[in-house]
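> With the hints as constraints, model all of the structure from the sequences given.
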Amino acid sequence: MSIKKLAGAALAGLLLVPLLPGTATAADGLSWQPCRTIADGWPAEDQRTECAMITVPVDYAKPDGRTFELAVSRIKATGSRDGVILANPGGPGAYGMDMPRRLLDSKTAGLGVHHDIIGFSPRGVGYSAGLSCPQDSTAPDPSLSDKEKARFQSERDARHYQDCVARDPEFTANLTTANVARDMDRIRQALGEEKIGYYGISWGTALGAEYRTLFDDHVAAMLLDSVVPSTFDLTAVDHDQMAARENSFHDFAGWLAGNDRVYHFGATKETATNALLDLRAKAPDRNTVDGLLLGARHKWPDSAQQLVKLRSGGKVPGAAVPARPGFDWHDPNPAFNLDQQNALICNESSGTRDFETQWRNHLALSAELPVAGSHGSYDGHCAGWPLPVTTWHFKPGKSPLQLVGHAYESVTPLPWAHDMRAHIGGSLLTVEDDMHGSLSVLPCASKAVEFLDTGKTSSASCPGAPVPPAA
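The numbering of the sequence shown is our numbering, which starts it at 10 and goes up by one.
Keep in mind that the hints are not guaranteed to be accurate.
What the hints assert, rightly or not - Label pairs and their computed distance ranges (CB to CB):
no.	residue 1	residue 2	range
1	P478	H402	44 to 54 angstroms
2	H307	D269	12 to 22 angstroms
3	S375	Q144	22 to 32 angstroms
4	H427	G201	29 to 39 angstroms
As the list claims (entries may be wrong) - EDC-like mimics (lysine to aspartate or glutamate), calculated; alpha carbons at most 20 angstroms apart, straight line:
no.	residue 1	residue 2
5	K204	D91
6	K404	D225
7	K156	E365
8	K407	D226
9	K278	D311
10	K308	E441
11	K318	D294
12	K71	D225
13	K404	E365
14	K324	D287
15	K407	D150
16	K116	D194
17	K324	D294
18	K85	D55
19	K116	E441
Hints in this document: simulated from the structure, not taken from any laboratory.
The C-beta atom is built at its ideal place from N, Cα and C for all residues, glycine as well.
What follows is the structure in structure tokens.
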């Protein structure tokens, strides 16, 4: 069955198919064709990327049971070939078929000299039996209290989860990081490789850690950029992400103090902080102000100008804080699948699963972190999920491992990279920026190329994009 047919059929719901003539199994190798000729929506101008399908089991505990087709992509090495590198952009729920093209169009292009770059669409996403469950976007009554609005959304989401799982309980229950890692190993086998390199971003770092836990002997070298924590506790995720955002607010206040001659919020960090908090308290739309106070570093000059305008009584365009930072790549693909993300998160995470506890935690976090705390939304995300939980248990390995953390980011805060390193080993390269998964677009991407070519790790730091000058 072609990728084109799979993509069309998946729109109607989950598509699971038996082994068909022409469909590769892990033992058969892969039958490559140009993606532009077989995959719906593929850019016609892409002359490099090839696509193929491989049949894998829905449940690895039942290898003779149901199967589905997993989509794989490839751009071949341009020089003397020395193996393959699999890549995943994160999510969970993110589409990975264009990862070879994205990496090779970035400052990591050198990876493609000696390696075939391999992408794939994880189970439940896009061409790989993508989940499709009707969404209920009903909004709560505006007259409700904040707590009742939150309760309404929690109960609405629980109904959606139950409906989505009921459509195919077996497939949904098998949407786990461990099974995606097992799918990766089937890809390795189909490629005929004894070992693979791996480049994972965000949730893709958990996938890499799981693959290395299960198949360390088959890892040539593994790079994990913007590292998630070793333990997937959604209550802790909320706390850590919002603490990083609160720190960002205080860093912004310090930057404003250093540029007081331009913005006049105060010449000390404390004075500027108090001036910003006072402006926030008086603002009719606090969420918009928070979007400015918690903005990314490259937006600081623009945020400062907007705050000056607010201080003078002017109106500014909305800059609302996203409800959830998420684990998706810094340049997410439109084929992102929220249902697959929900399944993977809720099948594997611990944390609050009842509304009253969630609301108490929300109030406590809001009090602890006055600017950012109220914007946490992972805690309680899985309330009402009807399937049992199997949590992550990553183990150290012997294969070369390079972790990459970002000093100021809030999506995957730097302490998570230190935590993961303590659990599974490896060396940590620290990027001095707040951008999620940005290594491939920075000059120090050369360290990624060197590592995946030679296995040489780095414990250094490297600069990210600088904060623009004051306006």
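> Hint by hint, work out which the structure violates, then give me just those numbers in ascending order.
12, 13, 15, 16
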